[in-house]
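Asks: Given next are the chains, with one letter for each unit.
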Amino acid sequence: MLNIENLTRIFKLGNVEVKALVDVSLSIDEGDITCIMGKSGSGKSTLLRQLGLIDRPTSGQIILDGQDVTKLSDAVRAKLRLTYLGYIFQEFALLPELTAHENVYLPGMMLGSRGIDYKNRAKEVLEIVGLEKRINHKPRELSGGEQQRVAIARALINNPRILFADEPCANLDTMSSERVMGTLVRLNKELGVTIVFVSHDPDDKQYANKFIFLKDGRQVPEYI
Amino acid sequence: MKSLRVAWFLAVKSVSRGNIRVLLLTIAMLILVYLNLVFTPAILAGAVEGLNDKTINTLTGHIIVQAAGENPVITDVDSLIAEIESIDGVVAACARNNLGADVQYEGERTTTVVFAIDPEQDKEVFRISESLIEGSYLDPEDTDQILLGVQIAGNDREKLELYSSSLKTVHVGDKVSVRYVSGLEREYTVKGIFFTELIQTDIRAFITEKEYNSMNPLMNGKASSLHVKTEEGVELESVIAEIGAVRDGLKFQTWEDAEGMLRSMTDSFKQIIQILRVIALIVAAITIFIVTYVDLVNKRRQIGIERAIGITGASIVLSYIFRAIFYAVLGILLAALIFVYVVVPLEAHRPFHFPFGDIFLPVNIGYLIISAAILFVVASVSAFAPAWQTIRTKIIDAIWG
Numbered sequence: 002m003l004n005i006e007n008l009t010r011i012f013k014l015g016n017v018e019v020k021a022l023v024d025v026s027l028s029i030d031e032g033d034i035t036c037i038m039g040k041s042g043s044g045k046s047t048l049l050r051q052l053g054l055i056d057r058p059t060s061g062q063i064i065l066d067g068q069d070v071t072k073l074s075d076a077v078r079a080k081l082r083l084t085y086l087g088y089i090f091q092e093f094a095l096l097p098e099l100t101a102h103e104n105v106y107l108p109g110m111m112l113g114s115r116g117i118d119y120k121n122r123a124k125e126v127l128e129i130v131g132l133e134k135r136i137n138h139k140p141r142e143l144s145g146g147e148q149q150r151v152a153i154a155r156a157l158i159n160n161p162r163i164l165f166a167d168e169p170c171a172n173l174d175t176m177s178s179e180r181v182m183g184t185l186v187r188l189n190k191e192l193g194v195t196i197v198f199v200s201h202d203p204d205d206k207q208y209a210n211k212f213i214f215l216k217d218g219r220q221v222p223e224y225i
Numbered sequence: 069m070k071s072l073r074v075a076w077f078l079a080v081k082s083v084s085r086g087n088i089r090v091l092l093l094t095i096a097m098l099i100l101v102y103l104n105l106v107f108t109p110a111i112l113a114g115a116v117e118g119l120n121d122k123t124i125n126t127l128t129g130h131i132i133v134q135a136a137g138e139n140p141v142i143t144d145v146d147s148l149i150a151e152i153e154s155i156d157g158v159v160a161a162c163a164r165n166n167l168g169a170d171v172q173y174e175g176e177r178t179t180t181v182v183f184a185i186d187p188e189q190d191k192e193v194f195r196i197s198e199s200l201i202e203g204s205y206l207d208p209e210d211t212d213q214i215l216l217g218v219q220i221a222g223n224d225r226e227k228l229e230l231y232s233s234s235l236k237t238v239h240v241g242d243k244v245s246v247r248y249v250s251g252l253e254r255e256y257t258v259k260g261i262f263f264t265e266l267i268q269t270d271i272r273a274f275i276t277e278k279e280y281n282s283m284n285p286l287m288n289g290k291a292s293s294l295h296v297k298t299e300e301g302v303e304l305e306s307v308i309a310e311i312g313a314v315r316d317g318l319k320f321q322t323w324e325d326a327e328g329m330l331r332s333m334t335d336s337f338k339q340i341i342q343i344l345r346v347i348a349l350i351v352a353a354i355t356i357f358i359v360t361y362v363d364l365v366n367k368r369r370q371i372g373i374e375r376a377i378g379i380t381g382a383s384i385v386l387s388y389i390f391r392a393i394f395y396a397v398l399g400i401l402l403a404a405l406i407f408v409y410v411v412v413p414l415e416a417h418r419p420f421h422f423p424f425g426d427i428f429l430p431v432n433i434g435y436l437i438i439s440a441a442i443l444f445v446v447a448s449v450s451a452f453a454p455a456w457q458t459i460r461t462k463i464i465d466a467i468w469g
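Residue numbers (this note's numbering), protein chains in the order written: chain A, 2 to 225; chain B, 69 to 469.
I should point out that these hints are in silico values taken from the structure, not numbers from a laboratory.
Nothing here was measured: the structure is a model prediction, and the numbers come from that model.
The beta carbon of each residue, even a glycine, is placed where N, CA and C say it ideally should be.
Among the clues, some could well be false.
Unchecked claim - Computed footprint of chain B on chain A, listed as stretches where at least three residues anywhere in the stretch have a Cβ under 8 Å from a Cβ of chain B: (1) 76-83; (2) 99-111.
Unchecked claim - Beyond 12 Å from chain A on every Cβ pair, some chain B residues (computed): (3) Phe77; (4) Val314; (5) Arg331; (6) Asn432; (7) Asp465.
Could you put together the complete structure from these sequences and hints?
Replies: So this is what it looks like as structure tokens:
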């Protein structure tokens, strides 16, 4: 479903080159829950951004369903993000002026379905993440866990085939973390959504069936 | 269409639920920018209008008619005036004769031009009778009375521009001695003193046509100039052509031709108005650009997130343009209402005083609309440019810096 080959991402900070990812290759199959693990600064989030088509690699290839998406135009990549992929940010990244319901249905508006459709769909996915009673609340009126579940619902609005989550529980307490991770697993089991998430917490291994370990931007056999 | 719908949605939510203080501050700033755009040029436009109005109503009329040949007088004046007044667009016409003279009072002497008028006829063209500060206007039968401009009389007003060369202390009822260039000398009682605040008018003196004819019987029915008042907006050149068709041997000047030094002054004012308008527009553009730019810098991460979840760049840029248009429409509308219903009446109540009189702000609807349209375009471009620049940065840079 998703393959990457010899992916390298180098950042330039002035005259200094920082190799965030070096020659990473991996394969993700449909229905997998893949956990990308590593210490802080190991390149986990950088890898997820390449997979989620938010950033472009310096070299290497990303193959999505047999198609090389590495060098597609920004517009085509945006369309893919909208229709095919869902992305959950570490810091929730909700729009503060919109309610939970509006935050969720905003990406749906871009697909051009009729208003009633994406609004009802937004209610459905908010129900899936257990927030049906909080739809008219703005982000500042929600707890961190609730905000992250709104972010998950937003990522689900367009029925993505792959959901990427960048340390979705990093800013949450234990109970909220379990609820968020439980939601992701349920989405995988009930809706068949392929999940790729980043974590530095060894406890999160329990939720995944496939692991990618990174150290200093390189893939290593096992995270220590 | 989808981009438009999303842009509209984002703009409406941002305006209706955004920071109310930022919203009020932005609109207040736009109100001030628009007022700045219209206020200062309006003062100068009011000055130009006031000066022109005073020139027409106290000095020249709309058209001055003089004899073109060697003989400097127009003959058979009454029939010519009747024919001029029958022309479409002409309100009235009057005849004037003038004589150079020295005026003396208690050891003070000044040189002036004395105009002989039919007071009733002159009042139909000029408004000097409305500018009396002492005494009363001439009657047609007056023969030993004179009307003096305040710059000749002095009138104990030491702050007058020409006080030092005036008669200094003349008031109504005083007797002044007038020696005409013909050598004739007469004594007149000052019947009235006028103060139009236009120096070129206030250095004049007036006697009646009857008095003039008694000194120059051969000038009966003749005049050195005719002054024509037309309706507002009448094409003066066509009126001049019609008068020219009535009688040969005449030459014409419009009030603008006759303005002389005043014309160069109003021309300078007009140039200053244009410069001020351009500067005000540049200030407006920069101010709006800065406000939009700061707003966009603060929302850089939010824009990055919007792009990451699939919102197109066009939607994002359009949403900022819609917001700018909303701010501009509201700001301009409020500013225009404040200008027309607060600033203009307030200024009319306590007008700015210029050396040639009070200045009233003209409400030039055309200019208000053009200024609004320009500001509207500037606001849209100011929103577009930084928004476009922001969506061209990489998503990763927008979100994580």
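Asks: For every hint, state whether the structure bears it out.
Replies: Structure-based check of each hint:
1. Interface restraint, the region 76-83 of chain A with chain B: holds (5 residues with C-beta to C-beta distance below 8 Å; minimum three).
2. Counting residues of the region 99-111 of chain A whose C-beta lies closer than 8 Å to any C-beta of chain B gives 6; at least three are required, and the coverage claim holds.
3. For B:Phe77, the shortest C-beta to C-beta distance to chain A comes to about 6 Å, within the 12 Å cut-off, and the non-interface label is violated.
4. Separation of B:Val314 from chain A is adequate, the least Cβ-Cβ distance of about 74 Å exceeding the 12 Å criterion.
5. Taking the minimum C-beta to C-beta distance to chain A, about 58 Å, the non-interface status of B:Arg331 holds against the 12 Å cut.
6. Every CB of chain A is more than 12 Å from the CB of B:Asn432 (nearest about 40 Å), matching its label as outside the interface.
7. A beta-carbon of chain A is positioned within 12 Å of the beta-carbon of B:Asp465; the least distance is around 9 Å.
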